[in-house]
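Sequence order for the protein chains is A and B.
Under our numbering, the letters of the first sequence match residues 24 to 252, in that order.
Under our numbering, the letters of the second sequence match residues 24 to 252, in that order.
Just so you know, the hints here were simulated from the structure itself, not pulled from any lab data.
Keep in mind the model is a prediction, meaning the values are calculated, not measured.
Each hint can be trusted.
The list treats identical chains as interchangeable, and a pair is accepted whether it falls inside one copy or across any two copies.
Straight-line alpha carbon distances no greater than 27 Å define the calculated DSS-like cross-link-like pairs of lysine-lysine that follow: (1) K126 with K142; (2) K232 with K85; (3) K209 with K232; (4) K227 with K209; (5) K126 with K209; (6) K142 with K85; (7) K227 with K85.
Number of protein chains: 2
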Amino acid sequence: MRPRLESPPDTKSERPLGVGVVEDNAITRQLLLGILQTQPGFECVGAWSSAEEALRAAPPLKPDVMLVDLELPGMSGEDCLRALSAILPGTALVVLTAHDDPKRVFASLSAGANGYLLKGATPEEIASALTAAHEGGAPLSPAVAGLVITAFLTKPPTPKRGLPLPSLSPRERQILEQLAQGKVPKEAAAILSMSYETVRDHLKRIYRKLHVRSRTEAVLRYLGAEAAS
Amino acid sequence: MRPRLESPPDTKSERPLGVGVVEDNAITRQLLLGILQTQPGFECVGAWSSAEEALRAAPPLKPDVMLVDLELPGMSGEDCLRALSAILPGTALVVLTAHDDPKRVFASLSAGANGYLLKGATPEEIASALTAAHEGGAPLSPAVAGLVITAFLTKPPTPKRGLPLPSLSPRERQILEQLAQGKVPKEAAAILSMSYETVRDHLKRIYRKLHVRSRTEAVLRYLGAEAAS
DNA sequence: TGCGACATCCCCCAATTGCGGGAATTGGCA
DNA sequence: TGCCAATTCCCGCAATTGGGGGATGTCGCA
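Throw the hints in and build the complete structure from the sequences for me.
Here you go:
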């Protein structure tokens with residue numbers, strides 16, 4: 024699990040929030056520093072261009088909040104988050120990245136991120152996100168929150184797949200797996216980075232091999248349900 | 024998965040967002056209307072003081088977004104959300120309430136809410152939340168997002184779905200049952216002795232109620248709810 | 001007596017799906 | 001080296017699907 028910031032705010036109000044920044048792009052880093060100076064109530068205690076540097080220098084500074092980019096050279100952003108949350112349990116971690124890839128979002132959140140913002144957030148949004156994170160909240164960009172909610176509401180199907188499913192090639196299995204997640208062929212194509220036509224092609228073969236004639240039936244077979252026919 | 028809000032923004036950046044408000048407290052309602060007038064790009068198409076009134080008057084107005092309070096006289100806010108999302112599938116629903124009770128948050132989200140704001144949000148936050156919701160995002164107040172994330176990360180095995188197929192009429196269940204057996208709509212119609220058109224008609228309603236957009240997804244939801252217990 | 005929920009059926013339309021071809025590439029394997 | 005399975009993509013076509021309207025009839029409730 025993940026310790027969502029044990030130490031609530033208690034100290035709030037007066038003293039400015041100590042913020043640490045981990046961002047490899049110099050331009051962006053400067054931009055963030057500028058925002059922190061502009062928005063009232065923040066004080067940048069440090070800015071680093073790599074996870075390694077931040078891990079070395081941040082601990083003694085004990086920032087209240089850290090803004091972490093995910094695209095870092097060397098150690099990955101997720102590993103950086105994991106390490107930071109272990110070393111600085113009282114520090115809120117807010118991811119700021121251009122990606123809204125579900126994988127990275129979930130990886131970051133389970134690595135200890137308290138918030139997740141997409142680049143494009145306004146200075147005001149970044150500021151209130153930092154404050155909210157420090158106060159125990161989880162500031163998420165709407166697009167990211169949508170992913171989390173969807174994932175949250177989409178859990179029912181007992182994941183006991185991996186059953187027999189004879190003669191299905193690995194690629195065919197991957198596609199079936201997506202359909203079993205409720206995706207439509209077009210989405211599956213995008214997710215697996217292949218042409219929509221190719222997915223349709225694999226589907227033809229899947230149907231023949233499983234002796235079914237619709238997506239729904241194929242998924243039922245895949246989930247091990249006993250579909251009549 | 025809910026495939027939150029299928030219809031992305033048709034890209035209508037110019038036209039102001041049509042907003043509907045459901046809030047029983049007159050003071051708060053006026054306050055919201057004032058905010059909508061102050062913030063650029065919004066146009067209030069209606070404000071109602073109860074779920075019943077909103078359900079009666081809103082449909083023909085087809086608001087782009089609706090701000091819904093949870094504390095309503097008569098029909099509960101959650102039921103109101105469920106009904107609205109069924110009747111106005113293209114309308115984004117944003118909850119605005121003082122409660123951050125996990126139960127209500129989850130009930131609202133699985134009832135079809137696209138966003139969830141806590142009272143105390145600033146006019147700017149409300150405005151950007153409405154826009155984000157209309158664009159397919161899920162604006163959540165940080166405190167609410169924290170609940171969702173925690174719930175998401177704290178449930179490896181039994182997810183515990185929201186509700187066991189909310190408000191499906193008996194006939195609708197029979198049809199879903201057939202589809203879950205692998206039948207195609209035509210066969211289901213024959214088995215249940217009704218017109219193919221009627222089955223299609225029920226399907227439309229089932230999709231709306233379950234927030235899905237394909238037979239496969241509906242069956243997955245059905246099976247997931249069955250596996251409950 | 002009117003209203004709302006349910007159920008039944010119909011029409012239309014655009015998009016998707018299922019299914020039949022064809023074709024090129026890759027990597028084993030005999 | 002030739003064959004084959006797996007993958008990738010495209011074209012076309014008929015049927016199905018998802019969604020938008022309507023319209024009718026029953027039933028229970030106010």
